[in-house]
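J.: Using the sequences plus the hints, can you model the full thing?
Order-wise, the sequence lines are chains H and F.
Using the numbering used here, you'd call the opening residue of the first sequence number 506 and step up by one each time.
Using the numbering used here, you'd call the opening residue of the second sequence number 138 and step up by one each time.
Any given hint might turn out to be false.
[Claimed, not checked] 25 Å max Cα-Cα, derived DMTMM-like pairs, lysine to aspartate or glutamate: (1) K205/F to E225/F; (2) K567/H to D222/F; (3) K248/F to E546/H; (4) K549/H to E250/F; (5) K532/H to E577/H; (6) K205/F to D608/H; (7) K186/F to E577/H; (8) K556/H to D608/H; (9) K549/H to E152/F; (10) K556/H to E546/H; (11) K195/F to D608/H; (12) K195/F to D232/F.
[Unchecked claim] Per label pair, the in silico range of CB-to-CB distance: (13) P566/H to P167/F: 28 to 36 Å; (14) M220/F to T619/H: 24 to 32 Å; (15) N178/F to R519/H: 35 to 43 Å; (16) Q522/H to S217/F: 43 to 51 Å; (17) E557/H to K205/F: 39 to 47 Å; (18) R602/H to S217/F: 45 to 53 Å; (19) E203/F to T609/H: 15 to 23 Å; (20) T609/H to S221/F: 39 to 47 Å.
Since the hints were made in silico from the structure, they are not lab data.
Just so it is clear, the structure is predicted and the values come from calculations on it, not from any experiment.
Yeah, the Cβ is synthetic: ideal placement off N, Cα and C, and Gly gets one too.
Here's the letter readout for the chains.
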Amino acid sequence: NAGVMQNPRHLVRRRGQEARLRCSPMKGHSHVYWYRQLPEEGLKFMVYLQKENIIDESGMPKERFSAEFPKEGPSILRIQQVVRGDSAAYFCASSPRGTRITDTQYFGPGTRLTVL
Amino acid sequence: AQSVTQLGSHVSVSEGALVLLRCNYSSSVPPYLFWYVQYPNQGLQLLLKYTSAATLVKGINGFEAEFKKSETSFHLTKPSAHMSDAAEYFCAVSDTGGGNKLTFGTGTQLKVEL
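T.: Listed below in structure tokens is the structure:
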């Protein structure tokens, strides 16, 4: 059973470009979470999605960031017009359901975004 | 809102020595607490979780943690450190307000020396 897949593992963008980060949850998981890890910091929650629905985006910056989890295909975290402060590791996690707070979240290896 | 504080951003122990990584939580409701480990350039792996059953929780790789309500603590321990334990460790609390987004501490880097 494959774990959570994220690609690309490393992404380099110049200021003003767009970054697209992909996350394929574990098989059978329909809940996806995105977290951002800035250098020397812990992970910060960004957004929680179910298939075709954004459940909680309280951690997402109001501008330039968006996320989706379509019926088919991976979840996408999109950052438009990237700035140097967006440089971070972005982690995706999945769980079989989100209704029970004890459900374990399984993390992917992360995408390390560098903005030049 | 829930939060966790990890005391000591860097901890160094000798191989074979006790590992103690500290985590204190703040929560107005009974918390659900987790410890994750992150190896360099990898994602997070769950070590153990507390979900209000037993207060002493055993996890993988010989780690365990004890939930102490009176001290609002959830410290991670391992009796004997191994070189392979060198990694970053994160304590996290689950949001009880709906969904289960995690709030992480700032992490503790564990170094194991010969």
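J.: Name the hints, by number, that the structure is in violation of.
T.: 2, 4, 7, 9, 10, 15, 18 and 20
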